[in-house]
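Using the sequences and the hints, build the whole thing.
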Amino acid sequence: MKDQFSRTIQTTVTFLITAGVLVLAFGGYFRSASGTLTGGLVSVQDWFASRTQVIQQFLAAPGDLITLRARNAELEAQVSQLQTQVIDLQQRANETAILAALVDFSRASPESSYKAASVIGRDPSPFLHYIIINRGSNDGIRRGMPVVTNEGLAGRIDAVISDAARAQLITDSASAVNVHLRNAGTDAVVVGSVTGDIGLELISQDAAVESGDIILTSGLGGGFPPDLILGQVVNVRKLPAELFQEATIQPAVDFSRLQIVLVITNFRAINTVPLVPTAIP
Amino acid sequence: MRNLIAIPLLGLATIIQSSIVGQLTLLGGTADLVLVLVMAWALQEAVTTGFQWAFLASVFMSLISSLPWFIYFACYMGIVLLALLLQRRVWQVPLLAMFSVTFLGTALLHMATYLYLSFSGRAIPLADSLGLITLPSILLNMLVAIPVFGMTRDLANWVFRTAEPS
Chain U
1 MKDQFSRTIQ TTVTFLITAG VLVLAFGGYF RSASGTLTGG LVSVQDWFAS
51 RTQVIQQFLA APGDLITLRA RNAELEAQVS QLQTQVIDLQ QRANETAILA
101 ALVDFSRASP ESSYKAASVI GRDPSPFLHY IIINRGSNDG IRRGMPVVTN
151 EGLAGRIDAV ISDAARAQLI TDSASAVNVH LRNAGTDAVV VGSVTGDIGL
201 ELISQDAAVE SGDIILTSGL GGGFPPDLIL GQVVNVRKLP AELFQEATIQ
251 PAVDFSRLQI VLVITNFRAI NTVPLVPTAI P
Chain S
282 MRNLIAIPLL GLATIIQSSI VGQLTLLGGT ADLVLVLVMA WALQEAVTTG
332 FQWAFLASVF MSLISSLPWF IYFACYMGIV LLALLLQRRV WQVPLLAMFS
382 VTFLGTALLH MATYLYLSFS GRAIPLADSL GLITLPSILL NMLVAIPVFG
432 MTRDLANWVF RTAEPS
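Chains U and S are the protein sequences, given in the same order.
Using this note's numbering, you'd call the opening residue of the first sequence number 1 and step up by one each time.
Using this note's numbering, you'd call the opening residue of the second sequence number 282 and step up by one each time.
Each hint should be verified, as a subset may be incorrect.
Some chain S residues close to chain U (C-beta under 10 Å, calculated; not the full set) [said to hold, decoys possible]:
(1) Ser299
(2) Ser300
(3) Val302
(4) Ala327
(5) Ile345
Example chain U residues on the side facing chain S (calculated, C-beta under 8 Å, incomplete) [said to hold, decoys possible]:
(6) Phe127
(7) Leu128
(8) Gly196
Just so you know, the hints here were simulated from the structure itself, not pulled from any lab data.
Backbone N, C-alpha and C define an ideal beta-carbon position, used for all residues, glycine too.
Take a look at the structure:
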């Protein structure tokens, strides 16, 4: 009986102490002590964890390197493939822009029919200014047909084979195009040169030509259709002692960047040679 | 048999000349890859097919150029002859011979072109053609001559070393 009473008291005291400790703990009275204890435990655990990670990384490193190298190679291949695609797309965008401009040009002159052609080469001689295009007699290209871009007149077909043709640019030294200056109301001739510059010659002394005047083909001589733009007058050279004025021209077409051109296929150049009077013996 | 490499090689050189090299200009001048290739080949010691290369090159160039075939034919043949003459005299310094032939060969081709164009009625100022076309072309050809000479030397070694045992 006495033992049972003392056990009850012990149990009660134990509960009371436990309850007191819990009350004190929840009341925050053990915070500093528990902080010190848990802080120490966390530090120890952190030390062990970091060492374990280092050891794990060391053991797993060779496998990771191989994987990373393979991944790197894969990504590099992907990057180069994407770069190729970007270049290809840029080129296509460029071609599309040129073609769109050419379509606009052909819509603006619906009376002519056109055949688009890519410039695939140039004359190897630096004295001559010719281009080679990838359309020939199989595509209806004939000698004498004018070659234009959306910017203006580029030249005319000089020689044709089945799948290619050679065009003489208006910058060639043998080229001469009859032109009309609308503002001045006069005709003249645009001639090429060996350096690739073009000049305006045979302008009447009476004509009031000014810089900025637009030069259009006149259609005289039957070599080119009328009203194709050639360029703009830059400056005029007028000497009273000379028969004609001369002028330098800013060409409308950038001849160094010719990529795609249009051939006017429904124009036939007229051969005026038989009409030139010859001396009768 | 290995000499037939001339056909694809000169064909490829003509295409590269027309599509790429011809667009890289210095003033009005351009390098002439085919001309330099023919000169470099003719200057190689073991080579005996210089004239055949000149003939093939003139055929290829005549196909794409508006200059008449006989200009290329005569000039290339003359240049090979010049190369053979110089090779015997300057045999100890092949690169010097290459530069000399490049200078003289380019000048010869341009002179022939100038004369032909002048006789055919084109007004070409001599000063312009000399200063803006011929001299820059000579400079560009000399720049091209160094790698082309090395390449043709390797090619000649390959052709004649493998051709000898058979």
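Going through the hints against the structure:
Given hint, Ser299 of chain S at the interface with chain U, holds; its Cβ is 3 Å from that chain's nearest Cβ, closer than 10 Å. Residue-level restraint check for Ser300 of chain S holds (minimum Cβ-Cβ distance to chain U is 5 Å; threshold 10 Å). About 8 Å separates the beta-carbon of Val302 of chain S from the nearest beta-carbon of chain U, less than 10 Å, and the hint is met. At its closest, the beta carbon of Ala327 of chain S sits 28 Å from a beta carbon of chain U; the interface hint therefore is violated under the 10 Å criterion.
Among the interface hints, the one on Ile345 of chain S holds; its C-beta lies about 6 Å from the nearest C-beta in chain U, closer than the 10 Å criterion. A cut of 8 Å between beta carbons decides the hint on Phe127 of chain U: the least distance to chain S is about 5 Å, and the hint holds. Hint status for Leu128 of chain U: holds, given a least beta-carbon distance of 6 Å to chain S, under 8 Å. Evaluation of the Gly196 of chain U hint against chain S yields a held restraint, the C-beta minimum of about 6 Å falling below 8 Å.
Taken one by one, the earlier hints fail for this structure only at number 4.
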